[in-house]
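Student: If you're matching them up, the sequences are chains A and B in order. Each position in the first sequence, counted from 1, maps to that position plus 18 in my numbering. Each position in the second sequence, counted from 1, maps to that position plus 1 in my numbering.
These are calculated hints, taken from the structure and not from any lab test. All C-beta atoms, glycine included, are put in the ideal place defined by N, C-alpha and C. Do not rely on the hints blindly, as some may be mistaken.
Claimed, not checked - Here are some chain A residues pointing at chain B (derived, C-beta under 10 Å):
{"no.": "1", "residue": "74"}
{"no.": "2", "residue": "77"}
{"no.": "3", "residue": "95"}
Claimed, not checked - The following label-pair restraints were derived from C-beta to C-beta distances:
{"no.": "4", "chain 1": "A", "residue 1": "130", "chain 2": "B", "residue 2": "73", "range": "39 to 49 Å"}
{"no.": "5", "chain 1": "A", "residue 1": "109", "chain 2": "B", "residue 2": "84", "range": "23 to 33 Å"}
{"no.": "6", "chain 1": "A", "residue 1": "104", "chain 2": "B", "residue 2": "29", "range": "23 to 33 Å"}
{"no.": "7", "chain 1": "B", "residue 1": "118", "chain 2": "A", "residue 2": "104", "range": "30 to 40 Å"}
{"no.": "8", "chain 1": "B", "residue 1": "7", "chain 2": "A", "residue 2": "62", "range": "39 to 49 Å"}
{"no.": "9", "chain 1": "A", "residue 1": "46", "chain 2": "B", "residue 2": "73", "range": "31 to 41 Å"}
{"no.": "10", "chain 1": "A", "residue 1": "76", "chain 2": "B", "residue 2": "131", "range": "41 to 51 Å"}
{"no.": "11", "chain 1": "B", "residue 1": "84", "chain 2": "A", "residue 2": "89", "range": "45 to 55 Å"}
{"no.": "12", "chain 1": "A", "residue 1": "131", "chain 2": "B", "residue 2": "109", "range": "48 to 58 Å"}
{"no.": "13", "chain 1": "A", "residue 1": "62", "chain 2": "B", "residue 2": "28", "range": "46 to 56 Å"}
{"no.": "14", "chain 1": "B", "residue 1": "126", "chain 2": "A", "residue 2": "125", "range": "33 to 43 Å"}
{"no.": "15", "chain 1": "B", "residue 1": "84", "chain 2": "A", "residue 2": "113", "range": "25 to 35 Å"}
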Amino acid sequence: MKILIVDDSRVMRSIVRRALRQAGYGSHEVVEACDGKEGLCVYDNESPGLVLSDWNMPEMNGMEFLEKLRADGANVPFVFITTEWTPEQRALATGAGACGLIVKPFSEQDVCSVLDTYLG
Amino acid sequence: MGYLKTIDKDSVRDLLSSLFGKPCVVAKEKTPKDPTKGMYVRGRFVDDTGELVALTLSDLPFAAFSGAAIAMLPPGGAEDAVDEKELSGTLEDAYSEVLNVLSRLFNTEGRPHCRYTTMEKAPLEDCEMEAKESTLFRVEVDGYGTGHLLFLAG
Numbered sequence: 019m020k021i022l023i024v025d026d027s028r029v030m031r032s033i034v035r036r037a038l039r040q041a042g043y044g045s046h047e048v049v050e051a052c053d054g055k056e057g058l059c060v061y062d063n064e065s066p067g068l069v070l071s072d073w074n075m076p077e078m079n080g081m082e083f084l085e086k087l088r089a090d091g092a093n094v095p096f097v098f099i100t101t102e103w104t105p106e107q108r109a110l111a112t113g114a115g116a117c118g119l120i121v122k123p124f125s126e127q128d129v130c131s132v133l134d135t136y137l138g
Numbered sequence: 002m003g004y005l006k007t008i009d010k011d012s013v014r015d016l017l018s019s020l021f022g023k024p025c026v027v028a029k030e031k032t033p034k035d036p037t038k039g040m041y042v043r044g045r046f047v048d049d050t051g052e053l054v055a056l057t058l059s060d061l062p063f064a065a066f067s068g069a070a071i072a073m074l075p076p077g078g079a080e081d082a083v084d085e086k087e088l089s090g091t092l093e094d095a096y097s098e099v100l101n102v103l104s105r106l107f108n109t110e111g112r113p114h115c116r117y118t119t120m121e122k123a124p125l126e127d128c129e130m131e132a133k134e135s136t137l138f139r140v141e142v143d144g145y146g147t148g149h150l151l152f153l154a155g
């Protein structure tokens, strides 16, 4: 499966790649984007089977990115990897169609517990 | 707004240790009269209306060592940055992510949501906000080094 990682931090994209490898998902191909706007382009070109996205980003944030994907009819599993963790933010994410939320900082177990359904 | 109410040495230690995957030793210190003195990076945190509600100020060692730790870079690069008094592009990007994760400490239930927006490097001429609360920590990142991190809130 192809996985799209969207985060404005190059360092965090590389941390997520590393976490995927450490969690045993290293065989999946990974593509990247630096914000929601670029994420939409990469999504259209690469058709990933899973999107892992930050929430707070310039240009187009993660919530706007998710809403645009859903408005365009894309049902791809979408997981936020973010510092947002309150029940209110979780409810917002779920209401917009996210299927999971991994809170930074995260462990290998956190990654597995959310992503095993899609990658296991 | 009480953004610093729940920020103590334990919450800072737990967050940073988890973020770096290595132990951090955190001790509270007295905030100096001029909080910008010796500080190198300012991180800005805004509420959902875009208003500035909190800041972090950190010295160059904290920015360099924590940036290197989150990116799993060798400590030598961070030590060079401290010696040369300049944060490189990679360390700057990495430290920005540290600041992003630190926003978790401001967001506790019952308090207006806030998020990290931008960082700015020295010279820091003033605090940019009338701070009603401040808390200074000395942070040692295992295998890297020691620096200072100051939280300010209006």
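Student: Now tell me if each hint is right for this structure.
Tutor: Hints, verified against the model:
1. Given the 10 Å rule on beta carbons, the hint for residue 74 (chain A) holds: about 5 Å separates it from the nearest Cβ of chain B.
2. Given the 10 Å rule on beta carbons, the hint for residue 77 (chain A) is violated: about 14 Å separates it from the nearest Cβ of chain B.
3. For the restraint placing residue 95 (chain A) at the interface with chain B, the shortest Cβ-Cβ distance is roughly 24 Å, beyond the 10 Å limit, so the hint is violated.
4. Here the CB-CB span from residue 130 (chain A) to residue 73 (chain B) is close to 20 Å, at odds with the stated 39 to 49 Å.
5. For residue 109 (chain A) and residue 84 (chain B), the Cβ-Cβ distance of about 48 Å falls outside the hinted range of 23 to 33 Å, so the restraint is violated.
6. Judged by the Cβ atoms, the range 23 to 33 Å given for residue 104 (chain A) and residue 29 (chain B) holds: they are separated by roughly 26 Å.
7. Hint check: residue 118 (chain B) to residue 104 (chain A), Cβ distance near 18 Å, so the stated range 30 to 40 Å is violated.
8. For residue 7 (chain B) and residue 62 (chain A), the Cβ-Cβ distance of about 43 Å falls inside the hinted range of 39 to 49 Å, so the restraint holds.
9. Separated by about 21 Å at the C-beta atoms, residue 46 (chain A) and residue 73 (chain B) break the suggested range of 31 to 41 Å.
10. Distance hint check: the CB atoms of residue 76 (chain A) and residue 131 (chain B) are about 27 Å apart, inconsistent with the given range 41 to 51 Å.
11. Under the hint 45 to 55 Å, the C-beta atoms of residue 84 (chain B) and residue 89 (chain A), about 51 Å apart, fit the expected range.
12. About 23 Å separates the C-beta atoms of residue 131 (chain A) and residue 109 (chain B), a value inconsistent with the hinted range of 48 to 58 Å.
13. Taken as a hint, the range 46 to 56 Å holds for the pair residue 62 (chain A) and residue 28 (chain B), whose Cβ atoms sit roughly 51 Å apart.
14. Evaluation of the 33 to 43 Å hint for residue 126 (chain B) and residue 125 (chain A) yields a pass: the beta carbon distance comes to about 40 Å.
15. Range check, residue 84 (chain B) to residue 113 (chain A): Cβ separation about 50 Å, and the 25 to 35 Å hint is violated.
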